[in-house]
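A.B. asks: Sequence:
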Amino acid sequence: MKRKKGVHYFENEWKRMKAHLKSYLKKREQEDLHRFRVQVKKLGAFFILSDRLSPHPHMNKKFKPVKKIFKRAGELRNTFIQLKLTNRSKTNKRIYPDLQTEKAVRKFRENSGKYLKKIKNAHRKLKRNIRSIKQIAVYRFYQNQVREIAGLLSPLQFNEKLHECRKRIKVLLYNYQPVLATPGIVLNEDYLDRLQEAIGNWHDYQLSIPPLPGGHTAGETTADVVNELQLTLKENIIDLSQDFYHRATTAAV
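The letter at position 226 of the sequence shown is residue 230 when you use the numbering used here, and the numbering goes up by one with no holes.
For the record, the hints were derived by calculation from the structure and aren't laboratory data.
There may be inaccurate statements among the hints.
Each computed PhoX-like pair below joins lysine-lysine, with the alpha-carbon atoms no more than 25 Å apart [stated by the list, open to error]: (1) LYS71 - LYS131; (2) LYS111 - LYS8; (3) LYS238 - LYS174.
Ranges of calculated distance between the beta carbons of each label pair, as one might list FRET restraints [said to hold, decoys possible]: (4) ARG251 - ARG113: 38 to 48 Å; (5) LYS6 - LYS31: 29 to 39 Å; (6) ASN205 - LYS9: 27 to 37 Å; (7) LYS171 - GLU239: 35 to 45 Å; (8) ASN148 - LYS65: 15 to 25 Å; (9) VAL42 - ALA108: 12 to 22 Å; (10) LYS72 - PRO187: 29 to 39 Å; (11) LYS68 - HIS12: 16 to 26 Å; (12) LYS88 - HIS167: 16 to 26 Å; (13) PRO187 - ASN82: 34 to 44 Å; (14) LYS9 - LEU235: 43 to 53 Å; (15) HIS167 - LYS124: 27 to 37 Å.
These numbers were taken from a predicted model, which means no experiment stands behind them.
Built from N, CA and C at the ideal position, the CB exists for glycine as well.
Between the sequences and the hints, there should be enough to build the whole structure, so can you do that?
C.D. replies: Right under this line is the structure:
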């Protein structure tokens with residue numbers, strides 16, 4: 005991938021990231037906060053690829069100020085998801101945040117000037133350090149990552165390893181657009197997206213389960229207390245994770 009192409013991709017994704025953050029700060033729409041975090045993940049994936057294939061990795065380090073904003077936004081996002089899941093059974097579709105959540109949102113917005121300044125400074129430092137990446141190096145990166153993910157999924161374990169698989173899959177998907185022209189790289193985007201979404205749904209559900217006495221959660225207790233939704237989420241992942249390497253590297257018909 006030539007530097008010119010890398011810079012073009014970087015600029016487009018950065019503009020989207022900044023626009024979604026500004027929109028959230030103005031309107032407080034959860035979708036804008038979600039899209040801001042998605043853009044940070046896409047850019048983070050691009051810098052992971054760059055650092056892995058560079059003799060002098062430093063892009064992720066320069067991206068850290070933005071990742072800190074991402075983390076603060078994630079705390080707000082997780083609170084919203086938990087409220088949404090705990091209110092799933094209610095007929096009223098509107099979600100009302102509690103006072104603590106309102107305070108966190110207010111604090112986040114009060115720091116908007118500082119956040120935007122950090123984003124501007126990070127943009128300048130990152131842009132001037134984007135370099136060309138050899139196609140053979142990109143190909144090997146993708147091959148190794150798919151093999152490693154396959155190893156993590158066999159045997160399948162419902163723990164943090166599964167969440168790690170999801171993060172790696174998303175790195176491959178997010179970078180697929182800028183590296184699409186690389187010879188030899190074939191990914192089944194639809195399959196990988198369905199698998200990462202299934203893992204994400206399971207992980208979000210785990211976060212919503214209230215703790216039980218002794219520090220255990222409902223997800224760690226015997227099968228008689230595991231509800232139907234959790235079983236469905238697990239069965240979906242089991243089905244999708246079968247024969248991962250072949251399905252991930254075979255183009256959809």
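A.B. asks: Evaluate each hint against the coordinates.
C.D. replies: Here is what the structure says about each hint:
1. Under the criterion of a C-alpha separation no larger than 25 Å, the hint pairing LYS71 with LYS131 is consistent with the structure, at around 16 Å.
2. Only pairs whose Cα atoms come within 25 Å are accepted, and LYS111 paired with LYS8 is rejected, the gap being roughly 39 Å.
3. Between the alpha carbons of LYS238 and LYS174 the distance comes to roughly 19 Å, so the proposed pair stays at or under 25 Å and holds.
4. The given range of 38 to 48 Å is respected by ARG251 and ARG113, whose C-beta atoms sit roughly 43 Å from each other.
5. At roughly 38 Å, the beta-carbon separation of LYS6 and LYS31 lies within the given 29 to 39 Å, and the hint holds.
6. The hinted range of 27 to 37 Å is satisfied by ASN205 and LYS9, whose Cβ atoms lie roughly 34 Å apart.
7. Against the hinted window of 35 to 45 Å, the Cβ-Cβ separation of LYS171 and GLU239 comes to about 22 Å, which falls outside the hint.
8. Range check, ASN148 to LYS65: about 23 Å between beta-carbon atoms, so the 15 to 25 Å window is met.
9. Between VAL42 and ALA108 the Cβ separation comes to about 20 Å, which falls inside the hinted range of 12 to 22 Å.
10. Between LYS72 and PRO187 the Cβ separation comes to about 38 Å, which falls inside the hinted range of 29 to 39 Å.
11. Distance hint check for LYS68 and HIS12: the Cβ-Cβ separation is about 24 Å, which falls inside the suggested range of 16 to 26 Å.
12. Checked against the hint of 16 to 26 Å, the C-beta distance between LYS88 and HIS167 comes to roughly 19 Å, which is consistent with it.
13. Range check, PRO187 to ASN82: about 40 Å between beta-carbon atoms, so the 34 to 44 Å window is met.
14. Separated by about 45 Å at the C-beta atoms, LYS9 and LEU235 satisfy the suggested range of 43 to 53 Å.
15. At roughly 32 Å, the beta-carbon separation of HIS167 and LYS124 lies within the given 27 to 37 Å, and the hint holds.
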